[in-house]
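Novice: The residues making up each chain are set out below.
2 protein chains.
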Amino acid sequence: MAAWARAARALLLDVSGVLYDSGGDGGVPIAGSAEAVRKIKASSLKLRFCTNETQATREKFVKKLQGLGFDISVDEVTAPAPAACRVLKERNLRPHLLVHNDVVPEFAEIDKANPNCVVIGDAADNFSYANLNEAFRVLIGLENPVLISLGRGRYYKETDGLKLDVGAYMKALEYACDIQAEVVGKPAKMFFESALAELGVQPQQAIMIGDDIVNDVGGAQQCGMRALQVRTGKYRPGDENHPRVKPDAYVNNLAEAVDLILQQLHE
Amino acid sequence: MAAWARAARALLLDVSGVLYDSGGDGGVPIAGSAEAVRKIKASSLKLRFCTNETQATREKFVKKLQGLGFDISVDEVTAPAPAACRVLKERNLRPHLLVHNDVVPEFAEIDKANPNCVVIGDAADNFSYANLNEAFRVLIGLENPVLISLGRGRYYKETDGLKLDVGAYMKALEYACDIQAEVVGKPAKMFFESALAELGVQPQQAIMIGDDIVNDVGGAQQCGMRALQVRTGKYRPGDENHPRVKPDAYVNNLAEAVDLILQQLHE
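Read top to bottom, the protein sequences are chains A and B. Its first residue numbered 1, the first sequence is counted upward by one per residue in our numbering. Its first residue numbered 1001, the second sequence is counted upward by one per residue in our numbering.
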């Protein structure tokens, strides 16, 4: 951690793999993370949670994290589904949804009749062959197929192991239809820019902390922010030799990151 | 159809979309195709069926086609599963199989304990989220992940509509693991070369007839063969503007192709 940390006015935290490890049982907090969030809130730093989580509405997601001991509220969360809804409305797009059942309510106000695009999220068990075929047929039947993806993550870690994320299925549909998806979650620039706007800070005043070398670290750096990678969640030692992305620093976990940053601020 | 057709000594026929349209009910023959196969067999031309079909053993597949009225036997068929078995044996690879239940017997003699690679075929309903995760975990747990794909088709047509093919799921695993699959079916050069060897002809003496612009037409042309695209099966008008592949001729169906070629031979 170096002098640049002293310029920090805001922290952006990824959630899954940084605050907690998700899982069918609701997940488990990562040691020290709840206390680290409290320390940030007691400091002069602003805070925003930036998640690509699309397995639940933000309300449900936040309630789960509160249950795990985190001080977090819905209006502190930047997530892909509301970003997608803005895009759909602006462009008069009517989506066929291939998403987790629990995130469907985020699209309640969107017209879904006679779809002219597909929105794909981390649908988990909804990624059946039948459902993927249905989304494929909507796309291949359109003159100008539009595929909006709520993220481009490869995989994530749950308590019972690694799971494929939305990015893998986005690639399957891209290949089948010979198209490029539009990504509205991390690492899309628009996503980080909207979080920075919500915080009211410049990129060079913000530090992103995440476990995903490409989507958290690379995405934030592309926006002009500093970014730390935690060695929790989906972190793997091979990440430290990533050919394109190099974090501004590695930390063992969120607790260590926050202690180091606060230490710099107080020097 | 031009003078080059007079040099033909052998025809290679794709099966699904050329002989018949597959489907849950067993499929339906394409009008005139059974008669066209009989005409080839009555002519001086050699014949080989080249399929990426991996939803059944060759025995079962051939029996189905015989039931639809086609004159075809197992030893006339070049298919990806036997090609994959040769590769597995040569390289001491023990596969985790993500394939259709009905093609598993093709791998009966292959050691599958403690897998050190994944073989993916057109698994259809076996492409569940759970099964894809399982294959992903095998790959991501290997020091040198090897993914062997029985094809790279995007989709195919069944009687009840278009279905995603193995290529889409291959891409999902490639992306998730940041690897490149090795394809043993069409359009792999090795696949066409093995069919030509089985026929005992040179590439310039052979004509491929298929409905897939990339895997049939492009793959065969890469091997130095002429190739026709039929306007049946998965053919779509947009194929005629393909940015990279241009068939040597278009024909409405196999019957027309065979009549035109035989006409040239007799001139």
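Note that these hints are calculated values from the structure, not bench results. From the three backbone atoms N, C-alpha and C, an ideal C-beta is built for every residue, glycine too. It is possible that part of the hints are untrue.
[Unchecked claim] Derived DSBU-like pairs: lysine-lysine, alpha-carbon spacing no greater than 30 Å straight-line:
id, chain 1, residue 1, chain 2, residue 2
1, B, Lys1039, B, Lys1064
2, A, Lys60, A, Lys39
3, B, Lys1189, B, Lys1046
4, A, Lys112, B, Lys1234
5, A, Lys112, B, Lys1112
6, A, Lys157, B, Lys1112
7, B, Lys1234, B, Lys1157
8, B, Lys1060, B, Lys1041
9, B, Lys1039, B, Lys1112
[Unchecked claim] Pairwise CB distance ranges (calculated):
id, chain 1, residue 1, chain 2, residue 2, range
10, B, Arg1094, A, Glu182, 48 to 58 Å
11, B, Arg1086, A, Gln180, 52 to 62 Å
12, B, Val1104, A, Gly67, 40 to 50 Å
Novice: The structure should be examined with respect to each hint, and the outcome stated for every one.
Specialist: Results of checking the hints against the structure:
| no. | hint | in the structure |
| --- | --- | --- |
| 1 | B/Lys1039 x B/Lys1064 | holds (20 Å) |
| 2 | A/Lys60 x A/Lys39 | holds (24 Å) |
| 3 | B/Lys1189 x B/Lys1046 | holds (20 Å) |
| 4 | A/Lys112 x B/Lys1234 | holds (28 Å) |
| 5 | A/Lys112 x B/Lys1112 | violated (46 Å) |
| 6 | A/Lys157 x B/Lys1112 | holds (27 Å) |
| 7 | B/Lys1234 x B/Lys1157 | holds (5 Å) |
| 8 | B/Lys1060 x B/Lys1041 | holds (22 Å) |
| 9 | B/Lys1039 x B/Lys1112 | violated (43 Å) |
| 10 | B/Arg1094 x A/Glu182: 48 to 58 Å | violated (40 Å) |
| 11 | B/Arg1086 x A/Gln180: 52 to 62 Å | violated (36 Å) |
| 12 | B/Val1104 x A/Gly67: 40 to 50 Å | holds (44 Å) |
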